[in-house]
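Asks: Produce the entire structure from the sequences given, and follow the hints as far as they go.
Each chain, written out:
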Amino acid sequence: QQPVQSPQAVILREGEDAVINCSSSKALYSVHWYRQKHGEAPVFLMILLKGGEQKGHEKISASFNEKKQQSSLYLTASQLSYSGTYFCGTETGNQFYFGTGTSLTVIP
Amino acid sequence: ETGVTQTPRHLVMGMTNKKSLKCEQHLGHNAMYWYKQSAKKPLELMFVYNFKEQTENNSVPSRFSPECPNSSHLFLHLHTLQPEDSALYLCASSHKKAPGQVNYGYTFGSGTRLTVV
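As you go down the protein sequences, you meet chains C and E in turn. Quick note: to get this note's numbering, add 151 to the position in the first sequence (first position is 1). Quick note: to get this note's numbering, add 12 to the position in the second sequence (first position is 1).
What the hints contain is simulated information worked out from the structure, not anything from laboratory work. Predicted, not measured: the structure shown is a model, and the values here were computed from it. Accuracy of the hints is not assured; some may be wrong.
As the list claims (entries may be wrong) - Cut-off 20 Å, straight-line C-alpha distance, at most; resulting in silico cross-link-like pairs (SDA-like, lysine to any residue): (1) E/Lys52 x C/Ser254; (2) C/Lys201 x E/Asn115; (3) E/Lys53 x C/Lys201; (4) C/Lys188 x C/Ile258.
Claimed, not checked - These stretches of chain C come out as covered by chain E in the derived footprint (C-beta under 8 Å, 3 or more residues): (5) 161-175; (6) 224-230.
Idealized CB from N, CA, C, for every residue including glycine.
Replies: Quick look at the structure:
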């Protein structure tokens with residue numbers, strides 16, 4: 152029931168793009184994305200609802216494929232501040248599960 | 013400041029001690045949660061309170077005891093913990109219109125880093 156994220160870890164140079172995927176075995180009602188920097192609280196980035204549109208947040212956007220029960224997070228022209236661990240969270244009925252996490256490191 | 017305040021930030025306790033973790037939110041949220049975050053593991057939901065009523069207890073050992081006196085405060089009482097309970101304990105809150113409706117994003121506290129010796 153816990154969504155699986157891929158890749159587990161990625162290293163980027165500043166300005167490069169990245170995609171993080173989140174897959175569930177259950178039908179999804181919504182998908183959340185969070186970022187957690189080392190030693191800090193996870194921070195909510197965005198929510199995608201079933202039947203909703205692609206969302207954006209600065210240069211970070213996400214899509215939600217309801218049929219495939221997948222969501223992808225797109226980071227374009229990455230900045231050093233994007234480094235952290237990204238978690239998806241999936242809502243299926245009354246249940247909510249966080250994904251396995253993707254560690255993203257942006258280097259100069 | 014995330015809007016959710018947890019104290020203490022760090023806690024070292026012996027296996028025979030009793031301690032409590034505190035969480036406070038003034039965001040007007042009506043749901044509060046305790047999560048456990050261990051190294052190399054996903055966030056594990058421990059307890060959920062909706063409208064001050066406990067609605068979930070994910071098979072958490074009885075040595076962890078939650079308390080939610082009102083919609084702004086949440087406690088996690090700890091006693092006779094084991095070394096494997098060492099982890100980051102995160103409190104979160106959200107606005108949930110009613111049980112079963114969409115949860116519009118969690119706001120997390122900075123966590124309590126717990127070490128059991």
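Asks: Please go over all the hints and tell whether each is borne out by the structure.
Replies: Going down the list of hints, with the structure as the test:
1. Restraint check for lysine 52 of chain E and serine 254 of chain C: satisfied, since their Cα atoms lie roughly 11 Å apart, inside the 20 Å limit.
2. Pair hint lysine 201 of chain C plus asparagine 115 of chain E holds up; C-alpha atoms about 13 Å apart against a cutoff of 20 Å.
3. Distance check on the hinted pair: lysine 53 of chain E and lysine 201 of chain C sit about 27 Å apart at the alpha-carbon level, beyond 20 Å; violated.
4. Distance hint between lysine 188 of chain C and isoleucine 258 of chain C is fulfilled; the C-alpha atoms sit about 15 Å from each other, no more than 20 Å.
5. Taking a C-beta to C-beta cut-off of 8 Å, the region 161-175 of chain C contributes 0 residues in contact with chain E, too few for the three needed, and the coverage statement is violated.
6. Note: the region 224-230 of chain C has 0 residues with beta-carbon separation from chain E under 8 Å; the three-residue rule is not met and the coverage is violated.
Hints 3, 5 and 6 from the list above are not met by this structure, while the remaining hints are.
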